[in-house]
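A.B. asks: For reference, the chains in residue letters:
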Amino acid sequence: MKKWFENLKISHKLSVGFAILCLVTVIVGSVGLINIFRIKIADATLYETYTKGLQDAGNAAVDFQQLRYDIYKLRKSEGSKQSDIDSAIEQVEESKTSFESHLEECDASLSTGEFSSQYASIKDSWSSYLTLLDEDLNAAKENDFDVLTENSTNLGDGGTAIRDDFTALFDGLSQKASEKSSSNENLAYIAALTIGIVVLAGIAISIFLSRYISNLISKPMQTLAKVSDHIALGDVDIYGIITEKDKQVKYRKDEIGAFSLAFNKLIDGTVKLSREVETIATGDLTAAVTVRSEKDVMGKAISELVDKFHALAVSIVSSADQVDAGARQVADSSTALSQGATEQASSVEELSASMEEITSQTTQNAENAQKTNELAKTIQKNADVSSAQMAEMLRAMEEINASSDNIGKIIKVIEDIAFQTNILALNAAVEAARAGQYGKGFAVVAEEVRNLAGQSSKAAKETTELIENSIQKVGNGTKIAGETSAALSKIIAGVSQAGELVSSIATASNEQASALEQINQGITEISQVVQTNAASAEECAAASEELSSQADCLKENVSVFKLNTGRSMSAKSNTLKNSANPTKRMNEEEPESQEEKRNSKVKKTAYKPNISLRDGDFGKY
Amino acid sequence: MADLLKNNPKSSEDDMKGRFLTFQIDQDMFGLELHNVMEIVGIQPITGLLEMPDYVKGIINLRGKIIPVMDVRLRFKKPEKDYTDRTCIIVISFGGISIGLIVDCVSEVLTIPDEDIVEKPEINAKSSRGYVRNIGKIDSKVVLLIDCEKLLNDEDLDAVAAQL
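In order, the protein sequences belong to chains L and C. Heads up, the first sequence is in this note's numbering, so the first residue is 524 and it goes up one at a time. Heads up, the second sequence is in this note's numbering, so the first residue is 15 and it goes up one at a time.
Hint data in this document are derived by calculation from the structure and do not stem from the laboratory. As the structure is a prediction and not an experimental result, all values here were calculated from the model. Virtual Cβ for every residue (Gly too), placed ideally from N, Cα, C. Worth double-checking, as some hints may not be accurate.
Here are the in silico distance ranges between beta carbons for each label pair [as the list claims (entries may be wrong)]:
| # | chain 1 | residue 1 | chain 2 | residue 2 | range |
| --- | --- | --- | --- | --- | --- |
| 1 | C | G56 | L | I933 | 14 to 24 angstroms |
| 2 | C | S154 | L | G1017 | 49 to 59 angstroms |
| 3 | C | D68 | L | I933 | 34 to 44 angstroms |
| 4 | L | T986 | C | V132 | 17 to 27 angstroms |
| 5 | L | G1017 | C | K95 | 41 to 51 angstroms |
| 6 | L | T986 | C | P93 | 47 to 57 angstroms |
| 7 | C | D42 | L | S1012 | 45 to 55 angstroms |
| 8 | C | T61 | L | I933 | 29 to 39 angstroms |
In silico lysine to aspartate or glutamate, EDC-like type, Cα no more than 16 angstroms apart, as pairs [claimed, not checked]:
| # | chain 1 | residue 1 | chain 2 | residue 2 |
| --- | --- | --- | --- | --- |
| 9 | L | K604 | L | D647 |
| 10 | L | K935 | L | E985 |
| 11 | L | K935 | L | E988 |
| 12 | C | K31 | C | D153 |
| 13 | L | K703 | L | D566 |
| 14 | L | K935 | C | D99 |
| 15 | L | K818 | L | D807 |
| 16 | L | K932 | C | D99 |
| 17 | C | K31 | L | E954 |
Computed list of chain L residues with no C-beta within reach of chain C, every gap over 10 angstroms [as the list claims (entries may be wrong)]:
| # | residue |
| --- | --- |
| 18 | S816 |
| 19 | G863 |
| 20 | K904 |
| 21 | E1061 |
| 22 | L1077 |
Bound conformation, chain L alone:
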């Protein structure tokens, strides 16, 4: 019953409570009403039965008495005036009527009930009286007063009997009335008592009910409020506040139960999340963050945060490792560099020494080159002179040639003449042959002319030969002179080239010297730089050591966090990783108690169910 009530909705509960109150009120009311009705009835009865009967009976009695009086008066009116008799009769009839009417009224109230017998007796008595009365009346109307006198005793008896009956009736009625009244009083008293009791009971019930319902509602709400207060402050240590009874609340099927269930889920979730975050805060980044649903903003956010932080930590670890490795490399390189620098320094020393030698050599070279340069200049000057002389010689030979040419031309003229003379001679010979005999002398002449021409020709030829010889010789000479000139030119060119080369050697040597100076400077600088390098390499090594140590420091710092890198940051995390199993985690429907029980560090999972394998798993194998 209690369970069923508890499981009602609050509105229903309230309805039920108010209904009960209503019922109580109704009960109270109805009890009251019933009692009032009873009292009313009793009162009515009192009145109807008794009071009214009494009244009516009283009226009737009074009327009866009146009647009796009137009858008496009637009797006494004997002998008086008719009008008085008539009036007396009238009076009697009036009284009779009224008595009858009142009796009829009594009829109503007394014919039934406990006085009915008495009433019946009255009625009987009355009926017998009435007979007498009617006789009397009739007699009176007929002025037969004897009848009246005869009947007076009977009437009187009858009347007295009726009167006594009435009195008994009155007594009975009034007693009954008073009894009834007192019983009514009792009734009223009882009614009041009953009502009072019922009211009290009702009050008690309502108090109880109100207390019960309000407790039903407010106690859990108080607990919830208290727990909410704690949760609001972030205090997740709320399980002490919750009693067993409170725990049962959530099984109720009303709004409180639903709210309690939901709130339980909420606080469970919150507590769980807080605990998980607490765990994570201690450094265990492998702790699972339960994501309660698709819409669990905080859970998802924290999960993401932890993921990111985890990733960050992992990356920091890996970066630290890399930095470490890099630092070590740098250290090695620095050492190598340092060694190299030392070797460099010694090489530079040797180089310096060599440079000294080279410098002295170069200076010597420069001087020699200078001398050679001057010598070359001198030679060039001489060569120029001989070249000029050669040129003059060539000119002279040219002139010889020219004059030879002139001679040649003249010789040619002579030759032409010889030729023409020859032709002439031939013509002459021809004419002479034509002339035949007569031309013999002419033939002789022609012959002689021919001879002459031949001689001229020969002489010219010889001269030509000589000239040619001469020209040839001159040509030879020219050629030789040309060759010589060419040779001289070559010499000059060579010498000038040599001079140039030598001067360039000289300048080069000078430049070399200056360059060597610079090289020397450079070597000095190199030496310095090498020194610096060595120092820097040392510093570098030191710095890399520092870096390495910093990397170690970093790793140490990050080792506070337990990570899923497959490499154990701490033995604890490794064991845990190897022992837990990847499980599906959808936390929507699980009741709170199961969630509390499951408290191991399991692999962090995403919201969607996935079976994930970690590096650590393979460590077993």
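Since chain L is already given, all that's left is putting chain C on it; use the hints.
C.D. replies: Chain C only, in chain L's frame:
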């Protein structure tokens, strides 16, 4: 040449028989019978004629006489050479036709005795159109004696004569 004439004065007095005017073309010496030779002149400006064979160079004006000239080199199908101042024109006359022969150079007048004149060896029937009648020997040299008739009396030359 001179001593040859000295040695044979009689032959020079005699007639023109056996007397040849030699000229040279390249390495070959040719001889012309003296009685055909009119005169020898040096090279002169030649006025070209149209519609003539190519070896007929043209005409010259020799002291008022118009004489056609022929290049012997071309006639003998030798390559043409430029004319130098040694180039002569030998004016020959045969059968009333005067013609000038352009030759490279004129050597001399030679007297070749008959015993030194031999017939041309027959290689084939068509050689050099028979200009060379026979061959004369002088010392160790060979002189190709030209037949003027053959030289002149060619169908080509008839046209030349007709022109003139």
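A.B. asks: In ascending order, which of the hints set out earlier in this document are inconsistent with the structure?
C.D. replies: 4, 6, 9, 12 and 15
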